[in-house]
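Let chain W serve as the given structure and place chain G on it in line with the hints.
Chains as they are written, first to last, in my numbering: chain W, 1 to 109; chain G, 1 to 116.
Wrong hints could be hidden among the right ones.
Stated by the list, open to error - With a Cα cut of at most 25 Å, we get these calculated DSS-like pairs of lysine-lysine:
{"id": "1", "chain 1": "G", "residue 1": "K57", "chain 2": "G", "residue 2": "K70"}
{"id": "2", "chain 1": "G", "residue 1": "K9", "chain 2": "W", "residue 2": "K42"}
{"id": "3", "chain 1": "W", "residue 1": "K42", "chain 2": "G", "residue 2": "K71"}
Source of the hints: derived by calculation from the structure; they are not laboratory data. Predicted model only: the values in this text are computed from it and were never measured.
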Amino acid sequence: EDQVTQSPEALRLQEGESSSLNCSYTVSGLRGLFWYRQDPGKGPEFLFTLYSAGEEKEKERLKATLTKKESFLHITAPKPEDSATYLCAVQPGGQNFVFGPGTRLSVLP
Amino acid sequence: NAGVTQTPKFRVLKTGQSMTLLCAQDMNHEYMYWYRQDPGMGLRLIHYSVGEGTTAKGEVPDGYNVSRLKKQNFLLGLESAAPSQTSVYFCASSYLARDRGNSPLHFGNGTRLTVT
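Next comes chain W alone, as it looks inside the complex (with noise of 0.2 Å):
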């Protein structure tokens, strides 16, 4: 069964304090991951995808990067306006998607 794991379930930083938010995924073929923001009261808000093993990709504070297992959504010197819900979702084959619950990730200022 195509499973997708989050963690952790919420993470407090303070401003300026860099952290990561991890990824697992076990599917039968990955066709994509894809990593999605989530504010409260709106809809996701697509971030990255990314398609096979040592791929990474960056914006602004944001890099995310792909292993054979997991991916990792690495947040550099973060500021109160990254508070948000991240989620991350695979495509493992047809056209399904299988998400994560995600992470709450709060930034003080």
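Below, chain G without anything else, positioned relative to chain W:
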């Protein structure tokens, strides 16, 4: 540029009532999806469609029906609502990216449904 639009934004139903959630996208995407989001459980796929006139079951389809009569619209119906269907419902769309599987999902802002 509206993207994915969901209506209504909020709804309260009594057990046994029926309703239809509407989703419209203006990006000419082939694929459309209905997810529900519950605390601690992530997004779970209810039904999806790979094109006009076609639908398929997802992970949690029981108690829901869907229709895709037009490419831009995807409707989710609850025939007899139950308290277990209290959730936030998200519609999403994507297209087939050549040699790369599906494009990322584009989401609407959700419908918050409470069944009492």
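Evaluated hints:
1. G:K57 x G:K70: 18 Å, holds
2. G:K9 x W:K42: Measuring from Cα to Cα gives roughly 11 Å; hence the hint holds.
3. W:K42 x G:K71: At roughly 24 Å apart (the allowed maximum being 25 Å), K71 (chain G) and K42 (chain W) satisfy the hint.
Hint check: no violations occur; every hint is consistent with the structure.
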